[in-house]
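Protein chains: 2
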Amino acid sequence: MEEKERLKQLAAESAVDFIRSGMVIGLGTGSTAFFAIKKIAHQLHNNILKNVVAVPSSLATEREALRFGIPLTTLDEHPAIDLTIDGADEVDPGLNLIKGRGGALLREKILIQASRRTIIIVDESKLSSRLGASSPVPVEVLPFAWKPTALFLTSLGGPNIHRLMPDGRPFLTDQGNFILDCNFGPIEEPVHLALKMKERAGIVEHGMFLGLVSDVIVAGQNGINHLKIK
Amino acid sequence: MEEKERLKQLAAESAVDFIRSGMVIGLGTGSTAFFAIKKIAHQLHNNILKNVVAVPSSLATEREALRFGIPLTTLDEHPAIDLTIDGADEVDPGLNLIKGRGGALLREKILIQASRRTIIIVDESKLSSRLGASSPVPVEVLPFAWKPTALFLTSLGGPNIHRLMPDGRPFLTDQGNFILDCNFGPIEEPVHLALKMKERAGIVEHGMFLGLVSDVIVAGQNGINHLKIK
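Just so you know, the sequences run in chain order A and B.
Start counting at 1 in the first sequence, then tack on 17, and there's your number in our numbering.
Start counting at 1 in the second sequence, then tack on 17, and there's your number in our numbering.
Treat the hints with care, as some may be off.
[Claimed, not checked] Simulated restraints on C-beta separations: (1) A:ARG147 <-> B:SER48: 49 to 59 Å; (2) A:ALA97 <-> B:ARG134: 14 to 24 Å; (3) A:ALA97 <-> B:ASN242: 48 to 58 Å; (4) A:SER48 <-> B:SER48: 27 to 37 Å; (5) B:ARG186 <-> A:GLY228: 34 to 44 Å; (6) B:LYS213 <-> A:ARG23: 34 to 44 Å; (7) B:GLY111 <-> A:LYS67: 54 to 64 Å; (8) B:PHE85 <-> A:PRO160: 40 to 50 Å.
Derived by calculation from the structure, the hints in this document are not laboratory data.
Glycine included, every Cβ here is placed at the ideal spot set by N, Cα and C.
Chain A extracted, bound-state conformation:
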């Protein structure tokens, strides 16, 4: 296994230790989150965890969880989640995040906002001194509005690329929307930028997660580091 994959797995398995029997959990999307899913399944099958039900943040995660036999539920049945475990593309020193490389940012943000606690799991390559330094900000937009929205995002300082599938067709989110990957570079005022984006109808959600999580588990060459906001 590649070293980075080993670190992702290490972070994911550390986070699973925070799950207790009887919890409603939220499952993130992406390669790191999938390591958590495998570990949770293992603990359920071995009766280390019992009566855990999970809300998946994407159709891909739903398939993965079903494949490993994790009991699923919905926000209709459980509008409050005890603990969500998810990855991130970039983490700043204030534990603000950029997410959405997997295209599931909208449902991931919904789960995190519906959760009492969220633990983000990353390998150390995801740490960043300032959001935007290493990742574009994915923005989910309504296809009806994508053209004026692309111009608007450029006017905010984020020239953007319409995300495509390998076959050249537009990537579609689970909601049937487009993703514009916006290259803002290092973002001076993420709260202000987020505000400007959310004022614009047709921007369904953006990939900046500001002030939403209090725990990040980072796996690096020197082991596990649990970052916390007090």
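Position chain B relative to chain A; hints supplied.
Frame of chain A, contents of chain B only:
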């Protein structure tokens, strides 16, 4: 024709006078906007207006425009609109609006934000001293998130009703989302409330249109009144 319908028609036809040949126009949704569509079609057929193309704000408006022979376009082809004409459910003294009784609030707000100018047309019964005094605020929400979102909106002071069709099934917007009609009563701080709503993932759009329009044409017993923000 009922008196209120006559007033709607009067306001709509006054607004159409602001359209010039060659313009890209945005077409609102609802009974008042449909009077404008009829008048625009009449002027096109009689060569009073020429080379006008329209972006419809809903599938219903698209059907209506096609039925009357108005040439249609999209925001992909014309990301900037010269003039949008639309109705409203409530208008306050600062020309802030509540819209969305017809369920088209998202695309209507997209069109207005993409427009150089918007003229709102109402009969005088829509004037209100404070937003929320006479209308609920329609909120378009992702079905995946509707339950926690309904609880969240209640916590903001807006107990809400899940909008249904006459047959009892949930009303679906053109995007396949649900509408929660939120009864805030008269809203003290609409800008603050809008901010809180937009911070929440799963709220695709809300029906408060704050600071977005500069012209409202009101038809009343004493004729036409053109309200303007300088």
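*asked:* Let me make sure I understand: some of the numbered hints might not hold for this structure. Which ones are they, in numerical order?
replied: Numbers 2, 4, 8 - these are the hints that the structure violates, sorted from lowest upward.
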